[in-house]
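Protein chains: 2
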Amino acid sequence: MINNEKIFLRNSAPERSKRIVEAVFRCKWSLTVYQLLAEKINRPGEMVRSVEGLTTKVLNECLRKNIEFGIIKRIEYNEVPPKVEYVVTPFGEKFINILDKLVELESEIVV
Amino acid sequence: MINNEKIFLRNSAPERSKRIVEAVFRCKWSLTVYQLLAEKINRPGEMVRSVEGLTTKVLNECLRKNIEFGIIKRIEYNEVPPKVEYVVTPFGEKFINILDKLVELESEIVV
Numbered sequence: 001m002i003n004n005e006k007i008f009l010r011n012s013a014p015e016r017s018k019r020i021v022e023a024v025f026r027c028k029w030s031l032t033v034y035q036l037l038a039e040k041i042n043r044p045g046e047m048v049r050s051v052e053g054l055t056t057k058v059l060n061e062c063l064r065k066n067i068e069f070g071i072i073k074r075i076e077y078n079e080v081p082p083k084v085e086y087v088v089t090p091f092g093e094k095f096i097n098i099l100d101k102l103v104e105l106e107s108e109i110v111v
Numbered sequence: 001m002i003n004n005e006k007i008f009l010r011n012s013a014p015e016r017s018k019r020i021v022e023a024v025f026r027c028k029w030s031l032t033v034y035q036l037l038a039e040k041i042n043r044p045g046e047m048v049r050s051v052e053g054l055t056t057k058v059l060n061e062c063l064r065k066n067i068e069f070g071i072i073k074r075i076e077y078n079e080v081p082p083k084v085e086y087v088v089t090p091f092g093e094k095f096i097n098i099l100d101k102l103v104e105l106e107s108e109i110v111v
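Line by line, the protein sequences give chains A and B.
At position 32 of the first sequence the residue is numbered 32 (UniProt numbering), and the sequence of numbers has no breaks.
At position 44 of the second sequence the residue is numbered 44 (UniProt numbering), and the sequence of numbers has no breaks.
For the record, the hints were derived by calculation from the structure and aren't laboratory data.
There may be inaccurate statements among the hints.
Since the list gives no way to pick one copy over another, a pair counts as held whenever it fits inside one copy or between any two copies.
[To be verified] Here are the simulated EDC-like cross-link-like pairs (lysine to aspartate or glutamate), alpha carbons at most 16 Å apart as the crow flies: (1) K28 with E52; (2) K57 with E108; (3) K18 with E108; (4) K65 with E22; (5) K18 with E106; (6) K18 with E104; (7) K40 with E108; (8) K28 with E79.
Remember, it's a predicted structure, so these values are computed and weren't measured experimentally.
Based on the sequences and whatever the hints tell you, model everything.
Listed below in structure tokens is the structure:
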């Protein structure tokens, strides 16, 4: 460095990625919900019946958060009785893919 | 579901990945340090001189944390005067790669 010209500005963690990762990691059921949807178990009743300890109330709260983040989408069918399904959005696919890579690293993390 | 046999157990966020992501995202300087190392600016003095607002004390704390997580390694050269360099570990490369993908998603995150 001939002169003391600063060539970098601070590059802080992007706010939205930070918020979404922390929220999903703090939510005890998100990874389980993603696993269910990957197995095409995407109707609320069946989702609750498939998992030990999952209640409708907890599932709805987890789904609401993931819909808010744009990871999951709710599809309503105009039928009698009304039918509802949940699907992962294209953005959600990318995000979950990144989470999976993080989970794969788990065994290599020393701390 | 013919019977009400639960086929899934809760799949909660892996503790270590959660801890490392939250720590790195909370550290204001980690992403900047990774950027410097990617530019081969890996000696403490030059790192501090290259970035607006970075002090030796803050840099050392950030490096210490990243060494603790196994993301960065410190190399000491047996010379006079003593020479020190910091490099990203193989694990660190994988982890930073995942962070970069998260940063890329930033613009798509709606919340």
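Hint check results:
no., hint, verdict
1, K28 with E52, "within (13 Å within a copy, 39 Å between copies)"
2, K57 with E108, "neither (35 Å within a copy, 29 Å between copies)"
3, K18 with E108, "between (22 Å within a copy, 13 Å between copies)"
4, K65 with E22, "within (12 Å within a copy, 19 Å between copies)"
5, K18 with E106, "between (19 Å within a copy, 9 Å between copies)"
6, K18 with E104, "between (19 Å within a copy, 12 Å between copies)"
7, K40 with E108, "neither (30 Å within a copy, 25 Å between copies)"
8, K28 with E79, "neither (32 Å within a copy, 51 Å between copies)"
Violation of the numbered hints given earlier is confined to hints 2, 7, 8; the remaining hints are satisfied by the structure.
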